[in-house]
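Novice: Keeping their order, the protein sequence lines are chains F and U.
Under the numbering used here, the residue at position 100 of the first sequence is numbered 100, and the numbers go up by one with no gaps.
Under the numbering used here, the residue at position 195 of the second sequence is numbered 1195, and the numbers go up by one with no gaps.
No lab work stands behind these hints, which were simulated from the structure alone.
Keep in mind it's a predicted model, so treat the numbers as computed, not measured.
Watch out, some of these pointers could steer you wrong.
[Unchecked claim] Once the Cα atoms are required to be at most 25 Å apart in a straight line, the calculated DSS-like pairs of lysine-lysine come out as:
no.	chain 1	residue 1	chain 2	residue 2
1	U	K1055	F	K48
2	U	K1049	F	K108
3	F	K146	U	K1055
4	F	K71	U	K1022
5	U	K1049	F	K48
6	F	K51	U	K1102
7	F	K108	F	K122
8	U	K1071	F	K146
9	U	K1169	F	K61
10	U	K1169	F	K95
11	F	K146	U	K1049
[What the hints assert, rightly or not] FRET-style restraints, in silico, Cβ to Cβ:
no.	chain 1	residue 1	chain 2	residue 2	range
12	U	S1054	F	Q41	30 to 36 Å
13	F	D15	U	F1011	28 to 34 Å
14	U	T1160	F	D134	34 to 40 Å
Heads up, the beta-carbon is just placed ideally off N, CA and C, and yes, glycines get one too.
These are the residues of each chain, in order.
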Amino acid sequence: MSGHKFKKKAKSNPDIPTAALPDIIFMLLFFFMVTTVMREQTIMVMQKLPKATQLTKIERKSLVSHIYMGKPTEAFVPVFGTEPRIQTNDVFISKEDIARFVNNEKDKLDEVERDQIVMSLKVDIDVKMGIITDVQEELRNANARKLLYSAPKNVDTE
Amino acid sequence: MADIAFLLLIFFLVTTTIANDKGILLMLPPPDDEQEELDIDIHQRNIFKILANSKDQLLVEDEPFRESPSKLKEEVKKFILNFGNPTQEGVEIYNSFPPELKRYVNANGRRRVSSDDPTNLKAVVSFKANRGTSYELYIEVLDAVNAAYNEVYGARVGLTADEFLALDKRDESQKAVYDLARAGIPRAISIAKPD
């Protein structure tokens, strides 16, 4: 018992093999390159979206057109004031221009898909329903009746 | 080599915004001239009225409502699953329910003062906001009403509301489940034009 020395375990090599590292990095790189969508427009209105739980995901991204609503962000307040505004693409528009915007967006789609166009409303929580109703009324008349109230998932229920 | 890859990787990591086209779907009614015949012949008891004023206060079925959205969801669910005076079609729907849902209906859904049955135009949820109502409240209410419907649809096929929502309609077997859940009970949400 006594003569027996404690034998240390053979020391394992602590180095992590790095031979595959570039491969992994490249894989990640390609993943992000593929998934990246470059923002083609700057959003000029406040965008604090309301949270919701009952969300539907739109499978066909090409069918979705966005309309942003909210107060102009700080940089634009001197020019556009603090009243909520409607933004499509890169410009503020008035509600009368919505029909034209819808038609432009529809023209980008194939003829068979034009009825399936989805208007995604990205509206700040501080906007009142008045302006939203006006926009919806215009969309209705322009025959773009499928709406998506864009909202992130509310994780903490109750 | 790896350095350059790292650099690029970090660049793309920073610029990436995973696009999220998620939200609450709503179908607007057709333009004005075509929808005249809509509000005929729906009995008062078959309409669940939600009103919101410009101070973000709610009036639900003519009573002030100060509770949480989840309570509202329960109220709407009770209304949808009420069989006060079912038609033939309504009876068939009731018979198609799984036992648990039948029990729910028997416990809550026999009030004659509430909706007749869940079929077309026999249970309509009407939501009217004011022009001064905040978008936040509007979405909250819409979310609660949709949650009630999704729970009912889910319960018919033994799923939760979230699982029902996650059904992929491009997949044939899942589409069949979806159709079964939706059959006969339209999502009758009417958004009235605000004052």
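Novice: All hints are to be evaluated individually against the structure, with a verdict given for each.
Specialist: Going down the list of hints, with the structure as the test:
Between K1055 (chain U) and K48 (chain F), the direct Cα distance comes to roughly 20 Å. Compliance with the 25 Å bound is thereby established for this hinted pair. In summary, the hint linking K1049 (chain U) to K108 (chain F) is not supported, as the alpha carbons are separated by about 40 Å, beyond the 25 Å threshold. A C-alpha spacing of about 28 Å is found between K146 (chain F) and K1055 (chain U), which places the hinted pair above 25 Å, so the restraint is violated. At most 25 Å may separate the alpha-carbon atoms for a hinted pair to count; K71 (chain F) and K1022 (chain U) meet this at roughly 22 Å.
For the proposed pair K1049 (chain U) and K48 (chain F), the alpha carbon gap of about 29 Å is over 25 Å, so the pair is violated. Distance check on the hinted pair: K51 (chain F) and K1102 (chain U) sit about 32 Å apart at the alpha-carbon level, beyond 25 Å; violated. With a CA separation close to 21 Å, the supplied pair K108 (chain F) and K122 (chain F) stays within the 25 Å bound. Between K1071 (chain U) and K146 (chain F), the direct Cα distance comes to roughly 28 Å. Violation of the 25 Å bound is thereby established for this hinted pair.
The hinted pair formed by K1169 (chain U) and K61 (chain F) meets the criterion: a straight-line CA distance of about 15 Å does not exceed 25 Å. For the hint linking K1169 (chain U) to K95 (chain F), the alpha-carbon distance of about 34 Å lies beyond 25 Å, and the restraint is violated. A threshold of 25 Å between alpha carbons decides the hint, and for K146 (chain F) with K1049 (chain U) the separation of about 23 Å falls inside it, so the pair holds. Between S1054 (chain U) and Q41 (chain F) the beta carbon distance is about 32 Å. The supplied range of 30 to 36 Å therefore holds.
Separated by about 29 Å at the C-beta atoms, D15 (chain F) and F1011 (chain U) satisfy the suggested range of 28 to 34 Å. At roughly 37 Å, the beta carbons of T1160 (chain U) and D134 (chain F) sit within the given window of 34 to 40 Å.
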